[in-house]
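Going down the list, the protein sequences come from chains A and B. Residues 0 to 306 (this note's numbering) are what the first sequence spells out, left to right. Residues 0 to 306 (this note's numbering) are what the second sequence spells out, left to right.
One should not assume that every hint holds.
Remember, identical chains collapse to one label, so a pair may be satisfied in a single copy or spanning two.
Said to hold, decoys possible - In silico DSS-like cross-links for lysine-lysine, where the CA-CA straight-line distance does not exceed 30 Å:
1) LYS123 - LYS274
2) LYS88 - LYS274
3) LYS270 - LYS88
4) LYS303 - LYS43
5) LYS165 - LYS281
6) LYS242 - LYS102
7) LYS274 - LYS86
8) LYS165 - LYS195
9) LYS211 - LYS102
10) LYS88 - LYS303
11) LYS123 - LYS88
12) LYS161 - LYS242
13) LYS278 - LYS40
14) LYS165 - LYS102
15) LYS278 - LYS56
Keep in mind the hints are simulated off the structure, nothing from the lab.
2 protein chains.
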Amino acid sequence: MGKILIFGHKNPDTDSICSSIVMQYLQETINEESEAVRLGKINKETEYALNYFNVEKPRMIESIEEGQEVILVDHNEFAQSVNGIEKAKILKVFDHHRIDDFKTEQPLFYYSEPVGCTGTILYKIHKMNNLEVNPTMAGLMLSAIISDTLLFKSPTCTEIDKIIAKELAKIANVDINTYGLELLKAGTDLDDLSEKELINLDAKEFEKNGIKYEIAQINTVSIEDVLKRQEELEQEINDEISKKGLDLFVFAITDILNSNSEIISLGNKAKIVEKAFGKELKDNRAFLEGVVSRKKQLLPEIDKTID
Amino acid sequence: MGKILIFGHKNPDTDSICSSIVMQYLQETINEESEAVRLGKINKETEYALNYFNVEKPRMIESIEEGQEVILVDHNEFAQSVNGIEKAKILKVFDHHRIDDFKTEQPLFYYSEPVGCTGTILYKIHKMNNLEVNPTMAGLMLSAIISDTLLFKSPTCTEIDKIIAKELAKIANVDINTYGLELLKAGTDLDDLSEKELINLDAKEFEKNGIKYEIAQINTVSIEDVLKRQEELEQEINDEISKKGLDLFVFAITDILNSNSEIISLGNKAKIVEKAFGKELKDNRAFLEGVVSRKKQLLPEIDKTID
């Protein structure tokens with residue numbers, strides 16, 4: 000069957016990319032031939048991290064063959080995974096999300112914790128196996144934690160993430176705050192991205208009670224700047240809605256400095272967000288104070304409202 | 000919300016009961032108030048283990064309230080879990096089975112490995128957390144491993160199960176083979192069980208492509224003895240089939256000394272087993288040489304045939 004393939008979710012973020020690479024490193028320690036790959040374009044934030052720690056981009060794949068042995072990091076829902084995942088042999092999963100639409104024929108290694116980042120879990124796997132942490136890998140795990148927790152400001156961030164990030168920063172020899180702000184800022188450089196790329200940069204699909212919806216998110220230091228492109232963004236979102244047959248598309252523009260989000264909500268179920276967040280949509284938009292996390296804030300409220 | 004409830008699957012076996020008790024012990028070490036409970040009658044094998052190590056039976060429950068916080072051991076499929084599980088808050092899962100029909104609204108702690116027994120995993124959790132293993136808990140984890148692996152003879156048994164069982168036997172101060180055979184033999188004392196009890200002793204329900212089926216298993220030292228009751232067993236199985244609307248009921252009578260099984264297959268899809276195991280049913284029965292494991296041998300072949 001060849002090498003085991005390791006990958007994170009579609010529209011990969013820094014955690015998906017960095018955790019795949021760290022997982023490949025961990026697999027080498029047990030002599031299981033594996034390759035980290037990716038399911039989409041590397042974003043600017045991730046690119047900054049890979050350049051900083053001088054690590055190559057993983058190879059991109061579009062789909063996998065039946066029976067391919069795989070390890071999933073940073074996701075489990077098949078809708079977010081590679082094309083062909085239903086017929087793959089999933090050996091291991093390392094994740095920190097809810098479990099949904101996931102099934103296997105055989106028992107497997109599944110390791111998940113309700114922490115802020117897969118990087119945090121992979122650090123714990125090092126400890127469990129008495130492995131010393133390589134400084135480059137430490138840098139990648141740290142980058143993943145900073146990215147997923149928005150430098151510890153997201154409600155998904157736990158005390159464990161903070162403790163482990165400090166430890167990793169020491170090993171990687173960087174100052175958390177300086178490096179962290181540079182990393183996040185690199186990700187907010189959206190100027191040369193098309194509207195189509197913006198809405199796909201970090202988008203995840205969900206389905207509940209027959210309602211298909213997608214929540215996309217981008218980070219910025221100026222919501223206003225992004226809103227200058229609202230008309231073009233809405234056009235692309237509406238295209239996406241008809242192409243995929245979605246009922247709802249929520250596009251969250253997250254201000255990483257002040258920890259708020261402006262959302263654009265479109266689709267025949269666009270009004271769900273009004274009930275979910277107690278805010279009226281004006282010009283298809285609403286400002287959500289203190290909301291920065293899809294997993295802990297956007298998704299559960301929308302899910303509850305659909306129920 | 001009160002205490003966190005910990006339980007294994009319906010028709011609990013020794014692993015489900017013992018792992019619940021060990022998990023309660025582990026929860027005490029992190030000061031999370033929890034109670035091991037059970038979803039059914041204690042079988043004779045488990046009773047032998049609890050008596051031997053002088054441990055009380057967990058309280059029995061029938062269902063749980065909406066929002067109840069729970070920890071699942073030794074299972075994840077909702078069809079095998081407590082009534083009301085869909086509306087519970089699942090905090091943690093410790094398991095060694097395939098994942099299917101499992102979902103949560105929130106991220107959770109999920110720890111699964113493809114080993115022979117949940118007891119093996121709980122021993123590893125002790126090690127990970129630098130916890131000394133209490134001799135009584137060692138006895139319970141050992142009993143679970145012996146039971147699930149049929150004293151290391153099942154194809155589900157891994158090298159890790161064997162190594163950990165040896166370690167646990169030392170701590171519990173028992174001879175593995177002597178204690179193991181006594182434990183397994185205690186479980187084969189089926190005389191005072193009704194046919195209804197026999198087919199429910201260790202039964203699990205599954206569903207694939209709309210086909211509902213159940214695989215029940217009992218251990219014995221004499222298949223012949225059990226077959227004396229075939230007519231009455233078939234009556235009860237057919238009752239179960241109409242009551243639950245099953246398409247198939249496979250009842251495996253496993254000879255723990257010689258590691259073979261005789262199966263009785265009933266229901267409108269009874270013939271599936273002929274294709275699955277390449278054996279013709281005679282008098283609704285087939286002899287399956289070397290087959291002792293539902294998880295590794297019966298279930299995957301039946302599933303493949305349904306596909």
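Verification of the supplied hints:
For the homomeric pair LYS123 and LYS274, neither the shortest alpha-carbon distance inside one copy (39 Å) nor that between copies (45 Å) is at most 30 Å. Taking the shortest alpha-carbon separations for LYS88 and LYS274, only the inter-copy value of 24 Å comes in at or below 30 Å, while the best intra-copy value is 41 Å. In the homo-oligomer, the alpha carbons of LYS270 and LYS88 lie at most 30 Å apart only across protomers (28 Å), although the nearest pairing inside one protomer, at 40 Å, exceeds that limit. In the homo-oligomer, the alpha carbons of LYS303 and LYS43 never lie at most 30 Å apart, since the shortest distance is 33 Å inside one protomer and 45 Å across protomers.
Taking CA atoms no more than 30 Å apart as the test, LYS165 paired with LYS281 passes in neither setting, with 42 Å inside one copy and 67 Å between copies. In this assembly of identical chains, LYS242 and LYS102 lie within 30 Å of each other by CA distance both inside one copy and across copies; the values are 27 Å within and 28 Å between. When the C-alpha separation of LYS274 and LYS86 is checked against a cutoff of 30 Å, the pair qualifies only between copies, where the shortest distance is 22 Å, while the shortest distance within a copy is 39 Å. In this homomeric assembly, LYS165 and LYS195 never come within 30 Å of each other (Cα to Cα): the closest approach is 36 Å inside a single copy and 59 Å across copies.
In this assembly of identical chains, LYS211 and LYS102 lie within 30 Å of each other by CA distance both inside one copy and across copies; the values are 20 Å within and 17 Å between. Proximity of LYS88 to LYS303 under the C-alpha cut-off of 30 Å is restricted to the inter-copy arrangement: shortest distance 14 Å between copies versus 33 Å within a copy. Within a single copy, LYS123 and LYS88 get their C-alpha atoms as close as 25 Å, and across copies as close as 25 Å, so both meet the 30 Å cut-off. In the homo-oligomer, the alpha carbons of LYS161 and LYS242 never lie at most 30 Å apart, since the shortest distance is 41 Å inside one protomer and 54 Å across protomers.
Taking identical chains as interchangeable, the C-alpha atoms of LYS278 and LYS40 are never at most 30 Å apart, the minima being 34 Å within one chain and 52 Å between chains. For the identical chains of this complex, LYS165 and LYS102 are neighbours neither inside a copy (35 Å) nor across copies (33 Å), given an alpha-carbon limit of 30 Å. Within a single copy, LYS278 and LYS56 get their C-alpha atoms no closer than 41 Å, and across copies no closer than 52 Å, so neither meets the 30 Å cut-off.
In summary, the numbered hints that this structure violates are 1, 4, 5, 8, 12, 13, 14, 15.
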